[in-house]
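Chains as they are written, first to last, in my numbering: chain H, 508 to 666; chain B, 69 to 265; chain V, 4 to 194.
Simulated from the structure, these hints should not be mistaken for laboratory data.
Treat the hints with care, since some could be wrong.
Simulated crosslink set (SDA-like; lysine to any residue; CA at most 20 angstroms straight-line) [claimed, not checked]: (1) B/K188 x H/E549; (2) B/K248 x V/K79; (3) H/K656 x V/V164; (4) B/K188 x H/E547; (5) V/K79 x B/D85; (6) V/K42 x V/A27; (7) H/K555 x H/R534; (8) H/K613 x V/A27; (9) V/K42 x B/R252; (10) H/K645 x B/G255; (11) H/K546 x B/A189; (12) V/K42 x B/G255.
Keep in mind that this is a model prediction, so the values were computed, not measured.
This is what each chain is made of:
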Amino acid sequence: MLSRIAALAFFIAAFGALPASGQDVTRDVKGEVLVVLAKEAEGPVDAKLKSIDALQKPPFNSFKTMELLATHEVTLGEATPATVQLPNGRSLQIKLVERMADGRHKVSVSINRPDKQDYLPLLTVIASGEPFFVAGQKHAGGTLVIGVKIAGKSAKSSK
Amino acid sequence: MGPDADVELVARARAGDRAAFRMLFDRYNRRAFGVAFGVVKNQQDAADVVQEAFIKVHRHLDGFQGNSSFYTWLYRIVMNLSIDQLRRKKKVTEFDETVRKDDLADGATLPQGAHENPSKAIARKELTDQLHAALTELPEYHRAVIVLREVEGLSYEEMAKILKVPKGTIMSRLFHARRKMQERLVGYLDGDLKVTE
Amino acid sequence: MSIEHVQEDALNMHFDGELAPAEAASVERHLATCGECSKRLNSMQRLHEMITMSAAQVASEVDFDAMFGRVEQGTKVAPVPRLIERIGLWVTESLQHNPMRVWAPAGGLALAAAAAVIFVLRPSEPMAKRGVVPDEREPKREKMMVAENDPAPESNASEVVQVDFGSNTGTVFEIALADGASTPVVWINED
Numbered sequence: 508m509l510s511r512i513a514a515l516a517f518f519i520a521a522f523g524a525l526p527a528s529g530q531d532v533t534r535d536v537k538g539e540v541l542v543v544l545a546k547e548a549e550g551p552v553d554a555k556l557k558s559i560d561a562l563q564k565p566p567f568n569s570f571k572t573m574e575l576l577a578t579h580e581v582t583l584g585e586a587t588p589a590t591v592q593l594p595n596g597r598s599l600q601i602k603l604v605e606r607m608a609d610g611r612h613k614v615s616v617s618i619n620r621p622d623k624q625d626y627l628p629l630l631t632v633i634a635s636g637e638p639f640f641v642a643g644q645k646h647a648g649g650t651l652v653i654g655v656k657i658a659g660k661s662a663k664s665s666k
Numbered sequence: 069m070g071p072d073a074d075v076e077l078v079a080r081a082r083a084g085d086r087a088a089f090r091m092l093f094d095r096y097n098r099r100a101f102g103v104a105f106g107v108v109k110n111q112q113d114a115a116d117v118v119q120e121a122f123i124k125v126h127r128h129l130d131g132f133q134g135n136s137s138f139y140t141w142l143y144r145i146v147m148n149l150s151i152d153q154l155r156r157k158k159k160v161t162e163f164d165e166t167v168r169k170d171d172l173a174d175g176a177t178l179p180q181g182a183h184e185n186p187s188k189a190i191a192r193k194e195l196t197d198q199l200h201a202a203l204t205e206l207p208e209y210h211r212a213v214i215v216l217r218e219v220e221g222l223s224y225e226e227m228a229k230i231l232k233v234p235k236g237t238i239m240s241r242l243f244h245a246r247r248k249m250q251e252r253l254v255g256y257l258d259g260d261l262k263v264t265e
Numbered sequence: 004m005s006i007e008h009v010q011e012d013a014l015n016m017h018f019d020g021e022l023a024p025a026e027a028a029s030v031e032r033h034l035a036t037c038g039e040c041s042k043r044l045n046s047m048q049r050l051h052e053m054i055t056m057s058a059a060q061v062a063s064e065v066d067f068d069a070m071f072g073r074v075e076q077g078t079k080v081a082p083v084p085r086l087i088e089r090i091g092l093w094v095t096e097s098l099q100h101n102p103m104r105v106w107a108p109a110g111g112l113a114l115a116a117a118a119a120v121i122f123v124l125r126p127s128e129p130m131a132k133r134g135v136v137p138d139e140r141e142p143k144r145e146k147m148m149v150a151e152n153d154p155a156p157e158s159n160a161s162e163v164v165q166v167d168f169g170s171n172t173g174t175v176f177e178i179a180l181a182d183g184a185s186t187p188v189v190w191i192n193e194d
């Protein structure tokens, strides 16, 4: 009897530790978040930003200085949002809401101080491979422009 | 460029003169668009209305008797098509919620013109958004009247002819629409925001 | 005319230039000394400026040359036979705006009108389709129609579905790109 229980316990433990090879592969969604500090005064524009079409048009083309503060590679899973710390102390969180039939992804974006819902509580975007922008926060004498790009197709990965 | 000049262009267009028809189009396209947009509140829908209106004008040139001025006739067509479009869209949104998302950025590009201060462009955009929201809250026939008056500067008499209602009805709708808009936009109409370029 | 303040109707009519000269002069004299009525008039003026600016701004973004091209295409298509189209046009517009004009005529004419209504009135359809006008929006509508049978092709556009600015204010707009696509921008107003 004891040996049977031990064997059972062993199998349960073994089962728990095994990789979930019998389950669906996890499909994560890759993305990129650019954090840009834009100022109206004359100054340098980061080379990488010059290739982003939208930043060459109004209203962004009024900013004569654009500094790429950070580039964050993010991964969104079904239950794993991505969080990016912003230079002004707030956090930007991106959650995957839905994978659309047309290859785009519906994501929700929020910008808040830690543990608060006080700034941009909710933004829902259907994102293709092209970026969208959240701008307007004041920081260090300029304006933060956050570019979010979510991959058009899911990147498959298995665990 | 008064109604008499229109009469001549209409006669030439009726005889197949495409240049004359183009001149009529050029003369009234923006104004017709302004009126249509004021009612349907969507740039693409307004463009569809104007396009369809001029197609109808061309098809019915033979039937235009000249009893009213050309622009009265045109605006009547634009009004009818605009209201049709509103009603069509209302039916669609009742059972298709996803259409409503278009309203969020409907025709909402910032003007490409200026390298202007971004705060100013954004402030102006916000003003425009509030204005559109206020117009959308008006009943469609009130919206039609205030747009015809403010955009086209038409007299009460002219509006009464276009909309085929008594002059008193025009006045009542216009004054009501203005009052509602002023109540809705109180912060913007009294404040320091510079509206004109 | 009230000696205290200008009545709303009269002020509106004055703003629109619809008062008789003597009445207009009387209102002008009052406005010269009444701050409150002047303020009401200014508010009308600002509303007028807002509306005209907005209309001009939106119209400036439209390609009217391209639109005229589509109008020309639409006028080239053979129209529905004239008589039936005229009846249809008259009936359609009258039904919507003055129904009695259609139903009042007696006997055969009412029957003919009813027949024309059944023939001419169609369920809602894209306006551009009526004249079988080639239209840049047609491909999009075709995609929507085939979606049930075929997987929809991948769209290139991001779009904002919903936004809650919380205690802030903000605006949403699009930046038109060179290739015809557009990029949504959410702008938060920070004072």
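May I ask which of the numbered hints given earlier this structure violates, with the numbers listed in increasing order?
Numbers 2, 7, 8 and 10 - these are the hints that the structure violates, sorted from lowest upward.
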